[in-house]
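Colleague: With these hints in hand, go ahead and build the complete structure from the sequences.
Just so we're aligned: 534 in numbering that gives the first Met the number 0 is position 535 of the sequence shown, and the numbers increase by one with no gaps anywhere.
Take these hints with a grain of salt, some might be off.
Stated by the list, open to error - Between beta-carbon pairs, the in silico distance windows are: (1) 388 to 111: 50 to 56 Å; (2) 258 to 569: 30 to 36 Å; (3) 398 to 111: 55 to 61 Å.
Please keep in mind that the hints were generated in silico from the structure rather than gathered at the bench. Using N, Cα and C, we set each Cβ at its ideal position, and we do this for glycine too.
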Amino acid sequence: MVVLGLSNMRDAAAALVCDGRIAAAAEEERFVRQKHVTALPVEAIRYCLREGGVALRDVEAIVVPWKYWQIGRRVRLALTAMMRSTQLFRVKGTRSLERASQEWMELFRLREELTRRVDAGAIRPVFLDHHLCHAASSFLVSPFEQSAILVVDGASEADTTLMAAGAGRQITVLDRTPLPHSLGQFYAAMTAFLGFRPDHDEYIVMGLASSGAPAFAPVLRRSIVRLLPQGRFELNTRLLDFHLARAGVFVAEFVGLFGAPRRPTDEITQRHRDLAASAQVVLEETLLHLGRHLRSLTRAESLCMAGGVAYNCVANGRLRAELGFRDVYVPPAAGDSGAALGAALWWTARRGRATTRPVLSDAYLGPQFDETACRSAVANAGLTAETLTDGPLYERVAEELALGRLVFWYQGRMEWGPRALGNRSLLADPRREDMRDVINSKVKCREAFRPFAPSVLAERAQEFFDLPAPSPFMQFTVRVKASAKGTLPAVTHVDGTARVQTVTREANPRFYDLLAAFGRRTGIPVLLNTSFNVQEPIVCSPDEAIRCFVRTHVEWLVLGNLLVGRPVHMSPQQHDC
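Modeller: Listed below in structure tokens is the structure:
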């Protein structure tokens, strides 16, 4: 059975599942070069069909993780908002009209749109429950036969959280939290209050939180987020409304409690750090409250998580450490892009057509390009490349990294999800105290307080990190061992933690061998690993890799087995930070 899952919401994406096997999955942003794009994922669909060797007419089911017509609760909330505030009604109404004219209209006309923009032969699409697709995106690719499932995001059709139990290929819903009580919207509203972009920059707030103290947490608990029995919570939207926050509007009472909102150009003060820390700790406490109730309902030994809030790796680390689950699984694409894959998996499972259960042990589901394409990109840019066999390549790159140089590392299939996991990565020596400043000055131009992540050989991770289980997708923050903090300053956050990727030879043999080569040279099989991009989506093609390389001060680019150096006469092109 060939099933195409697609999502045209924020982080639009497509995925192809053939008889239960994941053939391909990719986000649209990587092709159209617009971060977090909301659009019909035409290019991602085309890629998935090419990778699967099928045409659109061969697809037996087209599934979408969104029942767009189920808006009754949203309409009731909008009418309530009108009675409360004409400004709130205007803001919510404008957003609803935007969605109706683009996302929902595309879904209403999806068969016709696919025929017009992709290929003839599209069958009538099927629309599935959004949160169940999130649940499937985690549980159905996890290593667990039975598991508790927790989905937390901004909102589905009418709800904001889902608690479920998974067994075999079945998912049983246990409880839901209805709109407007949303942890995702709470954190996004606080992101806006702190002067960052809601629905985009929550990870920046998470990074900022570690340098503050939760001084405002008692007021947030008392006035904004209240825990209730049976794993429930309430969000006081009269004081903090997500839709108003997106428009930069905060009520006087909220400002009286927390001070004036920060403008994007304002300096970050200790108050802002403390507000970030307070929002973070309240989020964590509420997730723990949900998780404890879920464990009491299921008595499960394992937990699967999904939804946009599952990208909060600091909270994930607390849940894994404090809830008593033997293991916790978070897929590489936990947000709305992942729901496209979940939809395809859920439909296949419901039809009993899966011949295997696809445990997702790596995230390499995107496009790959052969050596001919890489050589062509190098030649078109007027650059030259040295060709090295595997062993000498790893030793040469390890030597350059140990000397403090930066390396763009481009290999194989592109990663699924927002993390660079060793195929579209910028690599550096984690032992150097100044390396974060070097990367920010040469490449990233990002806030100094934001941490960089380490990648480590899986079998040696315990030497450096308090890691209770493998972490192949960088979805958990853990403590750096006291003995390693001085050794790994570039990847140790101010609070003594790190967001770790463990690497096995089975998942990524080339990245594994590079880490091993660096370990032989330095005694430390750990590399600083951040995404291959500059203020843009992670690169997809060799041409994009070359364009990004020449815009920066990075010394080396590796495309497969091609080693590309920066000519002495080449100055980086100007790029906006």
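Colleague: If a hint holds in the structure, say so; if it does not, say that too.
Modeller: Tested hints:
A hinted range of 50 to 56 Å holds for the C-beta pair residue 388 and residue 111, which are about 51 Å apart. For residue 258 and residue 569, the hinted distance range of 30 to 36 Å is not satisfied, since their beta carbons lie about 47 Å from each other. Between residue 398 and residue 111 the beta carbons are some 57 Å apart, a value that agrees with the proposed interval 55 to 61 Å.
Hint 2 from the earlier list is the only one contradicted by this structure; the remaining hints agree with it.
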